[in-house]
Amino acid sequence: MTTQGYPAQGPVRVSRELAPWLRIWAIARRHAYVLYRSPHRLFDVTVWPIVDTVLFGSLGVYFVRQGGPSSPGQAGIAYLLSGIVLWHVVYQAQIAVSTGFMEETWSRNLLTLMVTPLRELELVAGIAVFGLAKLIMGVGVVALAAFALYAFDVTTLGLGLLPVIAILLLGGWTIALVVIGLILRFGNGAEALAWGIMFVVMPLGGVFYPVEALPGFIRPVSALLPTTHAFAAGRELIDGGPMPWGQLALASAGTLVAAAGALAFVAWMLRLFRRRGYVTRYS
Amino acid sequence: MSDVLRARGLLKTYRRGRAVDGVDLTVRRGERVALLGPNGAGKTTTLLMCLGVVEPDGGTVEIAGHRLPRGRSAAMARVGFAAGYLPLPERLRVGEFLRMFGQLYGLADPDTQAMRGLERFGIPHLAKAMGTELSSGQKTLIGIVKSTMHDPELLVLDEPTASLDPDVAMRVRTGLAALCEERGTALLVTSHDMVEVERIAQRVVFLSAGRVVADGPPLEVAARFGREDLEEVFLHLASERQASEHTEGLRP
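Note that the protein sequences, when read in sequence, are chains A and B. Position in the first sequence counted from 1, then plus 205, gives you our numbering. Position in the second sequence counted from 1, then plus 511, gives you our numbering.
Now the stretches of chain B that chain A is said to cover, found in silico as 3 or more residues with beta-carbon under 8 Å:
no.	stretch
1	554-561
2	593-604
3	608-620
4	659-666
Computed footprint of chain B on chain A; a stretch qualifies when at least three of its residues, placed anywhere within it, have a C-beta under 8 Å from a C-beta of chain B:
no.	stretch
5	311-317
6	320-334
7	474-487
Just so you know, these hints were derived from the structure itself, not from any lab. These numbers were taken from a predicted model, which means no experiment stands behind them. Each residue gets a CB set at the ideal place from its N, CA and C atoms; glycine is no exception.
Next comes chain B alone, as it looks inside the complex (with noise of 0.2 Å):
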């Protein structure tokens, strides 16, 4: 299996320290990898580093063999991202803003594809819809649809379920994994909901105080900390940065 993204020793440092330091990070064709951590354990900022919109201090990205920054516009051809909290431009109806981005994409018929995309995801009645009169739900359903009208090599996605119902998260789990076992698409997600990271990734990476704890499949990296599920594992690395957090405070 190729690898889509390839990421090496990724360091970051903001003013108020270390975000990241030395990650690495790979993703191979059709896998589907969930990067994990509680909070500001660097999954944000290596993700942004990943996609090229954060530029690391030191380390290396290539996507799809395209070395970023340099290659970071053919390399973005490849890529697919959406994220739970991002918005739709609100001037727009959902076809026009596929349209948009279909065309950014260099797609020929960005109509049809965002059509295609649309039923895919059993949605096709919004198309018509402005993006103020949509639930968050059905808006990150649009941004999948969005992320995967170009048939990207890799598909990124940050907190994808989070507004949705049960029953449409499940559905959108469903449509994701056929996406990448038909079409080889790799998937890199983050989601705080372990459950459903059990369910759709095959790889976990772990993230804790910007450093990789943990890399293999959910069950064994469970077993690896002694636990009985990935929930289990980020409660011990959440409780474990709280104190080392609480013993720097001490420190005079």
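One chain only, chain A, in its complex shape (with noise of 0.2 Å):
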């Protein structure tokens, strides 16, 4: 060990405006080494949205059957597919966002991170960047199979199928927040609602059916959820409708608000984190 070669100028930084992304840039590429070196968790981005799809898919031709080739199953089979589709971009958002926290909790990493210049934002928005990758591949996936087994094309849904994806994917992002949140008030414990609000939201968010299908008493829940508008606006471009604008602002405001209200959420957790000193649970 040597006791010299200490230079006499400190080490050359970056500049003050590229820092924060630079820090973002390693929070994104630790998770990349994570994802490489832990082949199971591909699980969530290959074997899972083909499960799905296979499911739903097939749910769809068996009603298609039943009813005969002049049946409203037909449309039936295009909802639950391009329902599954972009459920998948809500799905992988939120858990690649939930789970690329946790993994910093279960690696006892959150105490070395938060003595360092990362701002918390920096933290979520890496883990976020990585995600979209996972997202990618998990979304691409879904659409690749639903193609390969059934003959679905996503893409004939068109343009109109971006904003429907951009406000999924902050939806996702939102619910992620919350169950950061809650990681941080309950500890590990919580992290079973990762996986699990996710199953709300599912016959909540209107994936597959409008709000009327469901039970009058939670048709009002239903309704008030962004995705439910989202989804609504996707099944009126499978039935070749214009592009339904109502439905995109509806979903898009509904999005924002929900989305400035888990900020707050977290922020609160935050606070209370730092007050009662829940760190020392991960060291």
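Need the complex rebuilt from these two chains, each delivered in its own frame; the hints are there to steer you.
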């Protein structure tokens, strides 16, 4: 071990403007290594999407066969398959960010990260940036499986799909922020919510059917969820209608309000986390 | 000598009671300070408040002129932190881990700094090792390399040599002392090894029941308590603490 060799000048640093982007990049890269070295985590972006496609695609095929070629089931199979493709936008965006944050708690890396210049939003942004890569993989697998197994081409929905995907992406990140807030407050015991919360949102969020299909007492809750209107917009596109601006506007406004609420919630939980010294749970 | 860390009147109360009760702590540029005290004295809470990880109920913390919590990010760019009890992330090689932290600290060439740090502590051969392949002593050394590679103004080490063999611990102490001398880095260290503290620290701050009960050079502090060395001071404070807890327990 040498005790000399400390250069007279300190190390060269990037500019103040560049530093936040470098920190976000560092986090994204760290999570890329985690996926690369944990092949079992590919389950979420390969096997699960195929299972979902086969499940809902086959369900659709069965109903079509039951009802004959002129039955409304013909549209139903398209609803189911487009629903599952779009659902995986929400699911993959949410799971990638939630589990990315949990990775830092599982590896007891949270305290070490908190004693660096990294800001909380940069941590989430870094995880979300890498999460986009996982999302592209996951949604790509669903779309390819739907095409290969059921000849359903999601791109036939046209450019109208892009705003729907953008809204659902933000919706997934919003749910992830709520999950992170709960983990900050309740510790890793709350991690079951990362997966569990999606099974609540799925039936309520109008993924495969309109609000009217739900039992009456649940409808107001479903109508309040922004995803309900985004998926409704997706179905209007399948039906060949014009760009569903009304549904898109409702979904956008609702998602923005929900995202603002989730940000406020996670900021509140973070303050509580610092005030009560919960970081010692992870050290 | 300018202050790198200045904490004033720190207060913290948890449900179980007051953990820190009006602690003042100053560390000057190039100074080597040890924060000591028996279990439950408030060391970790004080350290975490100084690092901006735990919010104090009262008091202020300033690092290199940046007031927490507002200036936390800028302050942390000037701080290095390592703890003997913190693991390395499992799915990273040592070089990748150091590059990540170099980038978090805004280094333009983190790989070169990482290699310099590894060479400085005599472990360049570990650059390609996975975190899971390292011994606890090697992990501690990597943590120290991580915490020094960005040339911090304040280096905070929590139990840094707890898992090291005596010869490696001695080399770490020598390396840290050289860093403080040559770069003017201030060192704030906690340890339960009083012999080590006497060797590395120029000043010790003793905490007991969340309060500073002594602050000064190791020998002076020992003399103030009428003891031979810091170990005896430590044992004295620990027994006082136990006695007071016992008395409180007997109260109706």
